[in-house]
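S.K.: For reference, the chains in residue letters:
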Amino acid sequence: MISLSDIPARGGSPFTPSMGVFVALVLTAPLWLEPVGLYQYLGIEVAIWFIFALGFNLLFGYAGLHSFGHGAYLGVGAYAFGLYEQNVAVDLWGGLAVAVLAAGLAGALVGALISHRRGIYFALLSIACGQVFWFCAIKLHSITGGEDGLLGIPRPDLVIGPVRIELAGNAALYWFVAVILVVVIVVLWRVVNAPFGRVLQAIRQNEMRARFVGYDVWKIKWLAFTLSAAFAGLAGGLFAMAQESAYPDVMSINQSGLIVMMVLVGGGLVSFWGPVLGVLVYFLARDILGGLTETWLLWFGLMFVIVVMARPEGLAGLVDMLRTRIGLVPAKHAPVGAKTGGA
Amino acid sequence: MALFTAENIRKRFGARVVLENVSFSVEQGAVHGIMGPNGAGKTTCFNVLTGHYAPDGGRISFDGRDITGMAPHRLARLGVSRSFQIMNLFDDTVVIENVILALPEFRHRALNPVREVFHDMALIERAMGVLEQVGLTARAWERTASLPYGERRALEIAVALAPGPRIVFLDEPTSGLGIDATRALAELISKIRQRYTVVLIEHDMSFLFDLADRISVIHWGQVIAEDTPEALRSDKWVARSALGEVA
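Same order as they appear, the protein sequences are chains R and P. Counting from 1, position 336 in the first sequence corresponds to residue 335 in numbering that gives the first Met the number 0; the numbering is continuous, with no gaps. Counting from 1, position 20 in the second sequence corresponds to residue 19 in numbering that gives the first Met the number 0; the numbering is continuous, with no gaps.
None of these hints come from the bench; they were simulated from the model. Cβ atoms here follow ideal geometry from the backbone N, Cα and C, with glycine treated the same way. Possibly wrong hints are sitting among the right ones.
[What the hints assert, rightly or not] Between beta-carbon pairs, the in silico distance windows are:
hint, chain 1, residue 1, chain 2, residue 2, range
1, R, Asn253, P, His107, 40 to 50 angstroms
2, R, Met207, P, Glu6, 23 to 33 angstroms
3, P, Arg73, R, Trp92, 16 to 26 angstroms
4, P, Arg58, R, Met207, 21 to 31 angstroms
5, P, Arg58, R, Arg117, 23 to 33 angstroms
6, P, Arg73, R, Thr323, 56 to 66 angstroms
7, P, Arg58, R, Met302, 25 to 35 angstroms
8, R, Arg189, P, Leu77, 28 to 38 angstroms
9, R, Leu301, P, Gly38, 17 to 27 angstroms
[Claimed, not checked] Here are some chain P residues the structure puts well away from chain R; computed CB gaps all over 10 angstroms:
hint, residue
10, His51
11, Ala70
12, Ala75
13, Pro103
14, Arg108
[To be verified] Covered stretches of chain R, as calculated for chain P (at least 3 residues, CB under 8 angstroms):
hint, segment
15, 206-217
16, 251-262
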């Protein structure tokens, strides 16, 4: 079985073949989305959820902290972006920076409260804290617009030096989100393989031992929580931009549950790419099953139950098993150039 | 001056007194044994001394510094390390990563989000050096969970040695080992004692009596005797609590 902590013989490569395939698919999507019967906006939505899911898995899969309230930070990012655009300036980078910072700050606060909790206590507290944000979004009428949310958030233009690109159309917005997604993928891949990521995984595997060899476990968990909330905030900011609005549903407990479901179905517990698979399956189910039957969520839920019971390592685990069967997976060995001892 | 001192350590869980006035001190470079029957409080004593539990009373000092109630990660940084009776490894990774994670050179960059771990040959060489001390270099790139029991025990010790401690607490390192493996472990400990101060909990009396400079006998949460192995062989309290029979 594969595992998040496997060290394939990838040496120090910042790019991998899977990454190449993924980037190629993302960058060619506008060419094939419509011919295969899908639509441009779906691409934007999926790319935003990729960002959300990959950042979430830093916490869920890598650190083993099972947050069930992460929708809150997606929402905080969305509101922060909207408020900035409506009240401060119509500015893309400013809005996104504020979205990331606001969600990171919210995550840092909640993380400080709950990072020292474990298991079911952590999970329950993460839900409770998430609900606080949702409740605030509904009740703080004068700021958040209550249940209606913020409407008519402008989509600012992309300005790089003297170049100004309009993002009002979905095609242009897709390219922008796709580029951000690629950057997020490269950054996260780096983070999970760098010392920080390895320590996170060590804490997941054996928190007590990590503490006894000198790690300040609480601080590292808190950082992971904050970072993953910041990624959620980035996704939220982009989501507000795509929807041109921000509303309480974005941070509802449904969203929090959905992201857990996607990451589990995809195999975020065993693979970096698990969350990506999970998001894809969800959106394809929504659009394809949803076209056939109104009760698609029932079937998706049933699939979730079957996956969790039969293949807890998710789709990524299934893909790995198939690849192993047909002999595509190379034997794992030491990095090139490493001393391998007497074997 | 002693490197490590425990004075009148008390620990209770609810109404149950687990440790009562436990005191002993360990000289630099010594091997100090702790023995006693099951449930005597040996492991709790280790847990208190290495920061897992705060004591309810008493004082612990290391190298002249009061470390009573200090958190395990801070103790580890000061040079107090330990192994566990029930193995506590990073199972979902390769053998060498267990050691790399415990190296101070690696820990210092724990927050580094950029540098690739398995590209740093100096780090790998250092980890290999630690694995060599316990005879595990040939297994370095195998998955930890696949190691046989005896080698997991050896790795448990390697992870305790990797932080470069000044004193290392070993909790029943021979538990579950066969005769050959126990002998190999005795050799290993007599080798590492040249570099580290060792505190050792052990059930295997002949093993402990051969290795230790001094032994504290714990029974009912109290130190009932502390002396050299030779002297303890003739101690009536030790004999009476049926601990000395193997020796």
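S.K.: A separate judgement is required for each hint: does it hold in the structure or not?
M.R.: Evaluation of the provided hints:
1. Distance hint check: the CB atoms of R/Asn253 and P/His107 are about 43 angstroms apart, consistent with the given range 40 to 50 angstroms.
2. Distance hint check: the CB atoms of R/Met207 and P/Glu6 are about 26 angstroms apart, consistent with the given range 23 to 33 angstroms.
3. Separated by about 41 angstroms at the C-beta atoms, P/Arg73 and R/Trp92 break the suggested range of 16 to 26 angstroms.
4. Range check, P/Arg58 to R/Met207: about 25 angstroms between beta-carbon atoms, so the 21 to 31 angstroms window is met.
5. Range check, P/Arg58 to R/Arg117: about 30 angstroms between beta-carbon atoms, so the 23 to 33 angstroms window is met.
6. Distance hint for P/Arg73 and R/Thr323: a CB-CB separation of about 44 angstroms, inconsistent with the stated range 56 to 66 angstroms.
7. For the pair P/Arg58 and R/Met302, the beta carbons lie near 60 angstroms from each other, so the given range of 25 to 35 angstroms is not met.
8. Checking the proposed 28 to 38 angstroms range against R/Arg189 and P/Leu77 shows it holds: the Cβ atoms sit about 32 angstroms from each other.
9. Range check, R/Leu301 to P/Gly38: about 50 angstroms between beta-carbon atoms, so the 17 to 27 angstroms window is missed.
10. Listed as outside the interface, P/His51 is inconsistent with that label: its C-beta sits roughly 8 angstroms from the nearest C-beta of chain R, within the 10 angstroms cut-off.
11. In this structure P/Ala70 is not separated from chain R by more than 10 angstroms, as the shortest Cβ-Cβ distance comes to only about 8 angstroms.
12. The Cβ of P/Ala75 does not lie farther than 10 angstroms from every Cβ of chain R; its closest approach is about 4 angstroms, which violates its non-interface assignment.
13. A beta-carbon of chain R is positioned within 10 angstroms of the beta-carbon of P/Pro103; the least distance is around 7 angstroms.
14. At roughly 5 angstroms, the least C-beta separation between P/Arg108 and chain R is not larger than 10 angstroms, which violates its mark as non-interface.
15. Using a Cβ-Cβ cut-off of 8 angstroms, 10 residues of the segment 206-217 of chain R lie near chain P, which meets the minimum of three, so the contact claim holds.
16. Coverage of the segment 251-262 of chain R by chain P is violated [criterion: at least 3 residues with CB-CB distance below 8 angstroms; count 0].
The structure fails to meet hints 3, 6, 7, 9, 10, 11, 12, 13, 14 and 16 from the earlier list, while all remaining hints are met.
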